[in-house]
Amino acid sequence: MPSPVVVLVLGALLAGAGLLAVTTRNLVHAVLWLGVVLAGTAAFFVMLGAQFLATVQVLLYIGGVVTLLIFGVMLTARPTGTAVTRELRGRPRAAVVAIGLFALLAWAILTTEGLDAPAAPAAATTSELVDVLFGKDLLAFEVLSLLLLAAMIGAAVIARPRDFGEPRSTGRGTP
Amino acid sequence: MTALLLVAAAMFCAGLYGVLTQKNAVGILVAVELMVNAVNLNLVAFARHSGAAAGQSFALFVIALTVAEVVVGLAILLLLLRRTGGVDVDLAREMRG
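Protein chains in written order, with numbering that gives the first Met the number 0: chain A, 0 to 174; chain B, 0 to 96.
Hints are computed from structural coordinates only; laboratory data are not their basis. These numbers come from a predicted model, not from an experiment. Treat the hints with caution; some may be incorrect.
[Unchecked claim] Cβ pair distances, simulated, as ranges:
1. B:Leu-64 <-> A:Gln-50: 18 to 24 angstroms
2. B:Leu-64 <-> A:Trp-106: 26 to 32 angstroms
3. B:Thr-1 <-> A:Arg-90: 25 to 31 angstroms
4. A:Trp-106 <-> B:Arg-81: 45 to 51 angstroms
5. A:Pro-3 <-> B:Val-88: 25 to 31 angstroms
6. B:Glu-68 <-> A:Gly-15: 48 to 54 angstroms
7. B:Thr-1 <-> A:His-28: 29 to 35 angstroms
8. B:Asp-89 <-> A:Asp-130: 28 to 34 angstroms
9. B:Glu-68 <-> A:Leu-7: 46 to 52 angstroms
10. B:Val-88 <-> A:Ala-116: 42 to 48 angstroms
11. A:Leu-146 <-> B:Asp-89: 36 to 42 angstroms
12. B:Leu-64 <-> A:Val-45: 21 to 27 angstroms
[Claimed, not checked] Stretches of chain A that chain B covers, calculated by requiring three or more beta carbons in the stretch to come under 8 angstroms of a beta carbon on chain B:
13. 99 to 113
14. 149 to 157
Glycine included, each C-beta is placed from N, C-alpha and C at the ideal position.
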């Protein structure tokens, strides 16, 4: 287990960056703050002994998902060249729901006994992870690869330009 | 461990707040990523607590599923952009009864 001070400092950073990611008006900044959160989580993974997961997190999330989201922001920006801002709505109600859920979760976490009991002597190593992944979880792993293929093909089919060559409809709200 | 779970809970609630307030579909995707990330942190923390590799295996599956989700989400977003001229989720009301 990482030392509590490190957890507190890094955790405060993560929570702050997470809040910024959902509250900044600039969407590009939001995606970059999400990148900070993902990197901090990768650091937590290393501290918790999950080195392989940390690598996957950096490669797939920071390298892949953040890039994809930036692409999404850029592709969907109005071609007017203005900053990519966003509107927010229903903030008071959403804040009440989120803070209420956090209070409930915090109450549940703080009143649960044994969470800070001595942890297992060592974290599962990467070789143990692979033993589980290609042993007990092998079927799920193969199904997952099938799902990724299906998602890839599905995304290509959905995003294929059907009206290629025709002017794009720009009417708001018209199908 | 308690501090880790609290951090994950805070991240999850920040994501929830984002999902509820965003109007832009990309913003909603960002918030969902935040929530999934919090869940992953919990999974890995409990895997460390129990010393078994199953939690890490779960987290790996969650990461892969999230990547698939983002890819399909962005494809839907592009389609929405083409059909309605914007990525505001309030524009997608064709399926509303």
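Do the hints match the structure? See the list:
1. B:Leu-64 <-> A:Gln-50: 18 to 24 angstroms: Given a distance of about 21 angstroms, which is inside 18 to 24 angstroms, the answer is holds.
2. B:Leu-64 <-> A:Trp-106: 26 to 32 angstroms: Since the Cβ atoms of B:Leu-64 and A:Trp-106 sit about 29 angstroms apart, the hinted range of 26 to 32 angstroms holds.
3. B:Thr-1 <-> A:Arg-90: 25 to 31 angstroms: Given a distance of about 30 angstroms, which is inside 25 to 31 angstroms, the answer is holds.
4. A:Trp-106 <-> B:Arg-81: 45 to 51 angstroms: Given about 46 angstroms between the Cβ atoms, the range holds.
5. A:Pro-3 <-> B:Val-88: 25 to 31 angstroms: The hinted range 25 to 31 angstroms is violated for A:Pro-3 and B:Val-88, with Cβ atoms some 40 angstroms apart.
6. B:Glu-68 <-> A:Gly-15: 48 to 54 angstroms: Given about 25 angstroms between the Cβ atoms, the range is violated.
7. B:Thr-1 <-> A:His-28: 29 to 35 angstroms: 31 angstroms, holds
8. B:Asp-89 <-> A:Asp-130: 28 to 34 angstroms: Taking Cβ atoms as reference, B:Asp-89 and A:Asp-130 lie about 48 angstroms apart, which means the hint is violated.
9. B:Glu-68 <-> A:Leu-7: 46 to 52 angstroms: 31 angstroms, violated
10. B:Val-88 <-> A:Ala-116: 42 to 48 angstroms: Check passed, 44 angstroms falls within 42 to 48 angstroms.
11. A:Leu-146 <-> B:Asp-89: 36 to 42 angstroms: 30 angstroms, violated
12. B:Leu-64 <-> A:Val-45: 21 to 27 angstroms: 22 angstroms, holds
13. 99 to 113: holds (count 6)
14. 149 to 157: It holds: at least three residues are needed, and the region 149 to 157 of chain A offers 6 whose Cβ sits within less than 8 angstroms of chain B.
Comparing the model with each numbered hint stated earlier shows that hints 5, 6, 8, 9, 11 do not hold.
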